[in-house]
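Chain B: place on chain A using the hints.
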Amino acid sequence: MDHVLDVRDLRMRYGKTDVLNGVSFAARRGEVLALLGPNGAGKTTTIEILEGFRMRSAGEVSVLGTDPACGGEAWRARTGVVLQSWRDHAKWQVRELLAHLGRYYAPYSTASVTRPWDVDDLLEAVGLTAHAHRRVRYLSGGQRRRLDVAVGIVGRPELLFLDEPTAGFDPEARRDFHDVVHRLVDLEEATILLTTHDLDEAERLADRILILAGGTIIADGSADELARAMSGQSEVRWSLDGQRFVHATDDATAFVRELFRQYGESVQDLEVRRASLEDTYMALVRQAEHGLPRRLTAVAA
Amino acid sequence: MNPALVAARAGVSRGWIEFKQTLTTPGDLITILITTGGFLAAIIWTRHTHVPGMHFSLGTTMLVSVLGLDVVVYGVITMADLLVTEREDGTLLRAKAIPNGMLGYLVGKVVNISGQVAFAIAITLLTGAFLFTGLAIGSPGSWLTLAWVLALGLLATLPAGAVLGSLFPSQRSAGGPMLLLLGGLTAISGIFYPITHLPVFLQWTGQVFPMYWLGLGMRSALLPNAMAAVEVGHSWRHLVTFGVLSAWAIAGLVLAPVLLRRVARRESGSNVAARREKAMRR
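Residue numbers (our numbering), protein chains in the order written: chain A, 1 to 301; chain B, 1001 to 1282.
Please keep in mind that the hints were generated in silico from the structure rather than gathered at the bench.
Please note that a few of the clues may not be correct.
[To be verified] Not the full set, but computed from the structure, chain B residues with beta-carbon under 10 Å of chain A:
1) 1001
2) 1002
3) 1004
4) 1006
5) 1007
6) 1013
7) 1024
8) 1050
9) 1088
10) 1118
11) 1253
12) 1268
Note that beta-carbon positions come from the ideal geometry of N, C-alpha and C, so glycine has one too.
Next up, chain A with everything else stripped away, as it sits in the complex (with noise of 0.2 Å):
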């Protein structure tokens, strides 16, 4: 199958640190993957070397087909960047905006993609209708961040790269932001790489989730993939009694039946938890930190 990321023993060195030693992973069409990692693992160099705004040090990138460092205008309408605003465009109104730099897709149009998105259309699946004639400066920071992600996705991109998409937002905002994501793939079968620390997010939107810990991808595979990968290990509580009990097992199900078979209706309050993401996440990065390098990969069956 084709891919439309790979990227294959990535390396990015900045005077003598080492930020990225051999980060590989690859992305199929339509998949929303998930980069997550602590603080200076890495995310945001591996997206922009993606992006094509950064060179790389070694390794093999592949994005869309071609090599993002030599990727020309033609490859740069196929990609969609959802960019944090700031001040820019303070004075552009909504639509206008995005009326004017969607022009700059037209040409790129094919046969099975029209670009760029009607702007109305547009608009409208951003939930931005209301505000077209509104000022930049004057949209409050969730319907500026809405803004953000529909010039990322003017174009129509069949990729589209989302660097910390949520920082800053309040719950609200948030919802909305997934909310665009998810009607993003659904109607677009768009690929998505998003970075980001909220690990709620990542179980919420992506289909893999990879985890980046001293410069090379820990762990690769969904959320649940990845908490039964990791150990495997469920948290098991009953009471017997009165008299309450936690077991930790790689097979809960096992123990549970043999639970029931030596106690049988006098097990109460019977809890089986498996490892959350966050236990996972934690695990995982805890492990890297402490130089244990394994990569931890759960295919997909």
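Using the frame of chain A, we list chain B on its own:
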């Protein structure tokens, strides 16, 4: 259709939109009006003073010379300032993230700033036509000269502005040196006083830069021919004007793309974010 052509056209409308925004944003409009009004006030003050050795209003020659100064102020300073500001605020990065966006961005800047220059010149000339005597604005030849001096002047100054803008890392670091440069150049470029009254080495220095030639070109267009008598060599020196401005234009057009490409290459989300944080901390 050719994507570069599409982007260039989008750039033209971008420039037009930005120009209209400048005229409808109170802060921006006031800046233009104050600059123009300030020059006018200074000129009106000297309306009845004569050019040394001539029976001609110094104010009128200043009025005309200021049109040349306008081209430098907008072409170099405004261009550089916008470039620095918009690199800082992420506009440039956005342009980089869309296909041929940088081309559209630059075309937009050229159109926007040309519009602002034309606007400033129009206000100055309109006011001047009512308040000053001796302007040679009746003949088509005057307008023709004005047109080519203006066009060539923009070609000479806009790339220079782009070069300057790409050399400064932030708006903060750019403001002071640029104003100093502008002030110094104005003083030795014969805008407010005939250059022939300066020490010779300053005359030569002034004549290296486009500001002098823009002032001279404007004077040749809008003053009576007899006024050439107070210029260097007692002539309007059209050929040299054309040559010097063209040389600046060529140098700028060679240098600017290289530096702009370097600036654009360095832009990334994390750079903009870092600058934002720095600016917020102030």
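Could you check if residue 1004 of chain B really has its C-beta closer than 10 Å to a C-beta on chain A?
-> Holds. Min distance 8 Å.
Against chain A, with CB atoms and a cut of 10 Å, does the hint on residue 1253 of chain B hold up?
-> violated (21 Å)
For the hint on residue 1088 of chain B, just tell me whether its beta-carbon gets within less than 10 Å of chain A.
-> holds (8 Å)
Regarding the hint that residue 1006 of chain B lies at the interface with chain A, is the smallest CB-CB distance below 10 Å?
-> With a closest approach of 5 Å, the residue 1006 of chain B hint holds.
Mind checking the CB of residue 1001 of chain B against every CB in chain A and telling me if the closest is under 10 Å?
-> Interface hint status for residue 1001 of chain B: holds (5 Å vs cutoff 10 Å).
Can the hint on residue 1007 of chain B be confirmed by a CB-to-CB distance to chain A that is less than 10 Å?
-> holds (5 Å)
Restraint outcome when residue 1268 of chain B is required to lie within 10 Å of chain A by C-beta distance = The hint holds - residue 1268 of chain B has a Cβ within 10 Å of chain A, the shortest such distance being about 4 Å.
Have a go at the residue 1050 of chain B hint: is there a Cβ in chain A nearer than 10 Å to its own Cβ?
-> At about 45 Å, which exceeds the 10 Å cut-off, the nearest Cβ of chain A leaves the hint on residue 1050 of chain B violated.
Hold the hint about residue 1118 of chain B up to the distance rule: shortest CB distance to chain A must be less than 10 Å.
-> violated (20 Å)
Chain A contact restraint on residue 1002 of chain B - CB to CB distance below 10 Å | holds (7 Å)
Against chain A, with CB atoms and a cut of 10 Å, does the hint on residue 1024 of chain B hold up?
-> holds (9 Å)
Would the hint on residue 1013 of chain B stand, with a C-beta cut-off of 10 Å toward chain A?
-> Result: holds, 7 Å to nearest chain A Cβ.
Checked against the numbered hints given earlier, this structure breaks hints 8, 10 and 11; the rest are met.
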